[in-house]
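Visitor: Position one of the sequence shown corresponds to residue 0 (numbering that gives the first Met the number 0), numbered consecutively onward.
Keep in mind that the hints were calculated from the coordinates and are not lab data.
Treat the hints with care, as some may be off.
Stated by the list, open to error - Ranges of calculated distance between the beta carbons of each label pair, as one might list FRET restraints:
| id | residue 1 | residue 2 | range |
| --- | --- | --- | --- |
| 1 | Leu10 | Ile42 | 27 to 35 Å |
| 2 | Thr36 | Gln13 | 28 to 36 Å |
| 3 | Lys56 | Glu9 | 12 to 20 Å |
| 4 | Ile42 | Pro22 | 29 to 37 Å |
| 5 | Leu15 | Gly52 | 16 to 24 Å |
| 6 | Thr6 | Cys30 | 31 to 39 Å |
| 7 | Gly43 | Arg7 | 15 to 23 Å |
| 8 | Thr14 | Phe55 | 31 to 39 Å |
Cβ atoms here follow ideal geometry from the backbone N, Cα and C, with glycine treated the same way.
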Amino acid sequence: MAAREKTRDELDMQTLRELASLPANKFCFDCGQRGTTYVNVTIGAFVCSACGGLLFKAFTLVKCRCK
């Protein structure tokens, strides 16, 4: 089973790399800055590190308020 999971992980990483190589995904979805480093899986968009940090903080705050 571990070999099967590894294969699935490898396929997911390959798909992610292919998507990241598309010209439209080289720019941040939120601010338009070149050079994306994060993926917002909620909406399926690539974002830069600055916007990724803001999204992470926003998610954390929302998560904390839900407790």
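Visitor: Work down the list of hints and note, for each, if the structure agrees.
Guide: Cross-check of the supplied hints:
{"no.": "1", "hint": "Leu10 / Ile42: 27 to 35 Å", "result": "violated (22 Å)"}
{"no.": "2", "hint": "Thr36 / Gln13: 28 to 36 Å", "result": "violated (18 Å)"}
{"no.": "3", "hint": "Lys56 / Glu9: 12 to 20 Å", "result": "violated (31 Å)"}
{"no.": "4", "hint": "Ile42 / Pro22: 29 to 37 Å", "result": "violated (19 Å)"}
{"no.": "5", "hint": "Leu15 / Gly52: 16 to 24 Å", "result": "holds (20 Å)"}
{"no.": "6", "hint": "Thr6 / Cys30: 31 to 39 Å", "result": "holds (36 Å)"}
{"no.": "7", "hint": "Gly43 / Arg7: 15 to 23 Å", "result": "holds (19 Å)"}
{"no.": "8", "hint": "Thr14 / Phe55: 31 to 39 Å", "result": "violated (23 Å)"}
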